[in-house]
Amino acid sequence: MITIADVHKIFNKGKANQVNAVNGLTLEIKDGEFLVVVGSNGSGKTTILNLIAGSILPDKGNISIDGTDVTKLPDYKRSQWIARVFQNPLSGTAPDLSILDNFRLASLRTKTKGLSVGVNDAFKKQVQEKVANLGMGLQDKIEQPMGTLSGGQRQALTLLMSVMDSCKVLLLDEPTAALDPRSADVVMRTADTLIKDFKLTAVFITHNLKDAFNYGTRIIQMGEGLIINDLSGKDKASLKQNDLFNWFA
Amino acid sequence: MDFYLTALLQGLCFSAIALGIYISMKIFNIPDITTDGSYTLGGVVTAVLLTNHQPTYIILPAVILAGAMAGALTGIIHTKLKINALLAGILVMTALYSVNLTILGRSNLPLINLPSLFTIVNVVSDPNQNTFLILAIFVVLITFLIGYLLKTDFGIAMRATGNSESMIRSLGVNTDRMKITGLALANALTALSGYLVAQFQGFADISMGIGIVIVGLGSVIIAETLINWFKLTSVWLSLVLVLAGAVIFQLVLAFTLSVGVDPKLLKIVTAGFVLVIVSLPRLSLLKSS
Numbered sequence: 001m002i003t004i005a006d007v008h009k010i011f012n013k014g015k016a017n018q019v020n021a022v023n024g025l026t027l028e029i030k031d032g033e034f035l036v037v038v039g040s041n042g043s044g045k046t047t048i049l050n051l052i053a054g055s056i057l058p059d060k061g062n063i064s065i066d067g068t069d070v071t072k073l074p075d076y077k078r079s080q081w082i083a084r085v086f087q088n089p090l091s092g093t094a095p096d097l098s099i100l101d102n103f104r105l106a107s108l109r110t111k112t113k114g115l116s117v118g119v120n121d122a123f124k125k126q127v128q129e130k131v132a133n134l135g136m137g138l139q140d141k142i143e144q145p146m147g148t149l150s151g152g153q154r155q156a157l158t159l160l161m162s163v164m165d166s167c168k169v170l171l172l173d174e175p176t177a178a179l180d181p182r183s184a185d186v187v188m189r190t191a192d193t194l195i196k197d198f199k200l201t202a203v204f205i206t207h208n209l210k211d212a213f214n215y216g217t218r219i220i221q222m223g224e225g226l227i228i229n230d231l232s233g234k235d236k237a238s239l240k241q242n243d244l245f246n247w248f249a
Numbered sequence: 001m002d003f004y005l006t007a008l009l010q011g012l013c014f015s016a017i018a019l020g021i022y023i024s025m026k027i028f029n030i031p032d033i034t035t036d037g038s039y040t041l042g043g044v045v046t047a048v049l050l051t052n053h054q055p056t057y058i059i060l061p062a063v064i065l066a067g068a069m070a071g072a073l074t075g076i077i078h079t080k081l082k083i084n085a086l087l088a089g090i091l092v093m094t095a096l097y098s099v100n101l102t103i104l105g106r107s108n109l110p111l112i113n114l115p116s117l118f119t120i121v122n123v124v125s126d127p128n129q130n131t132f133l134i135l136a137i138f139v140v141l142i143t144f145l146i147g148y149l150l151k152t153d154f155g156i157a158m159r160a161t162g163n164s165e166s167m168i169r170s171l172g173v174n175t176d177r178m179k180i181t182g183l184a185l186a187n188a189l190t191a192l193s194g195y196l197v198a199q200f201q202g203f204a205d206i207s208m209g210i211g212i213v214i215v216g217l218g219s220v221i222i223a224e225t226l227i228n229w230f231k232l233t234s235v236w237l238s239l240v241l242v243l244a245g246a247v248i249f250q251l252v253l254a255f256t257l258s259v260g261v262d263p264k265l266l267k268i269v270t271a272g273f274v275l276v277i278v279s280l281p282r283l284s285l286l287k288s289s
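If you're matching them up, the sequences are chains A and B in order.
With this note's numbering, the residue at position 56 of the first sequence is 56, and numbering never jumps.
With this note's numbering, the residue at position 173 of the second sequence is 173, and numbering never jumps.
Bound-form chain A, shown alone:
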């Protein structure tokens, strides 16, 4: 469970370009919940995601994951619970490293990266099998640099990489924003399957209201750094796509 209690985050405090990104937000995300976050630009969606991930730290308030207070923990320490897929396909993978090396690092997300060679035939086979499940024909290309792949392929692989090691929380920051409709569909369906199969707690930011409607067990709308709509369970299921459009009217 992720608990966010009365969290504040102000950027450029005291300057002309001060931004009050998050204003005393309180949010509880239950285990196994697939939370969809919508909201207009500048409403604080990405800030919330970065606060959970630890790439930025709050000015005030507390954040805990599974009962552990992580408020002051940097991102590379929170990786023991959290895997991330970034908006930019380039951010989630290392382009000059082979697909295999990228997967090797992902398989060690919660462990130390030691002085032994871990990329062996057994590992290679394991990666090939996982990659084959995507149905993109990438299993024969795992020695290629990640940078030779398309954005959609990279996002799909980033998703697979997130479950290479034990993972509780998956953060998806507009993972399909840079993709064409078909790749976007593949990536979203892969994400949905992984979240269900591995019983992940997921936070999914999107501007695509169709995705917001189709996926997730709970939806919140953010505005000015606060939650302005929150529907879960049956309410989310009975939500009409039109209602969602009206939120932004």
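Check each hint, because a few of them may be wrong.
Covered stretches of chain A (chain B as the covering partner; in silico rule of three or more C-beta atoms under 8 Å from a C-beta of chain B) [claimed, not checked]:
id, region
1, 58 to 67
2, 80 to 88
3, 92 to 104
4, 215 to 226
In the DSBU-like style, the derived pairs of lysine-lysine whose C-alpha atoms are separated by at most 30 Å in a straight line are [stated by the list, open to error]:
id, chain 1, residue 1, chain 2, residue 2
5, A, LYS77, A, LYS60
6, B, LYS26, A, LYS111
7, A, LYS15, B, LYS82
8, B, LYS231, A, LYS77
9, B, LYS80, A, LYS141
10, A, LYS111, B, LYS264
11, A, LYS124, B, LYS151
12, A, LYS125, B, LYS151
13, A, LYS125, B, LYS80
14, A, LYS210, A, LYS236
15, A, LYS13, B, LYS82
16, A, LYS77, B, LYS80
17, B, LYS151, A, LYS130
Below, a sample of chain B positions facing chain A; criterion: calculated Cβ distance under 7 Å [what the hints assert, rightly or not]:
id, residue
18, ARG106
19, SER107
20, ASN108
21, ASP153
22, PHE154
23, ALA157
24, ARG159
25, ALA160
26, ARG169
27, LEU171
28, GLY172
29, VAL173
None of these hints come from the bench; they were simulated from the model.
C-beta: ideal position from N, C-alpha, C; glycine also.
Guided by the hints, dock chain B onto chain A, whose structure is given.
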């Protein structure tokens, strides 16, 4: 012919610096110019310990440690104080000048008639060939160690740090610590070049490191040009090409001198040569497009 043999030997001496620059510039993507200082530091530590009749098994770790400390310092200034890497390197390099002068006690220390790495064993009677053999073994060992390191899980994390910082942080790597380690490693290698050169030329000099960063850079850029030409992705081949780059660089300089270019102009020729290599890929690109 002896002339070119000397250049080859010098190239081998400089291959450690080339590997160091390869690690800081290509793997970590950090322009590190602590090099000028840490190279001299390596030479100075070697000279002082040699004149105090210390054995190799003391000198070698001492040189590595000294270089690593210099690099780590640059890394700490860069990551913890958030100072531009170039400036951090300049600061440490400048400070090292005083450190080096203090260690050496004067501006030049000859090492004539002292036993060195190259006189420990005499495999062949010809001193030049003997030096070549010892250097070759030394360089192969270093390359093997670095190559192995880059293949390990730690090494993959190192390579990812310079390639996609957001990704590697989300995969649980403290990138600050990784960069400090990387710069320490790079400068330990640089200091090793100082160690080799001081013994090879038979003296340590306070100004031996001036402009030495260009030797490393030039070697790496030659290697990079070749890597891009042949579209190589193998770590091992890249390292071998970096070594080749260091040797080619010295051979070109030797050739320049042998055709009668005034030694005073050597540095400008060096700078010009590096400029040509850097711009070569772009020039040939212009022609084809």
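Output the numbers, in ascending order, of every earlier hint that fails for this structure. 1, 4, 8, 9, 10, 13, 18, 19 and 20
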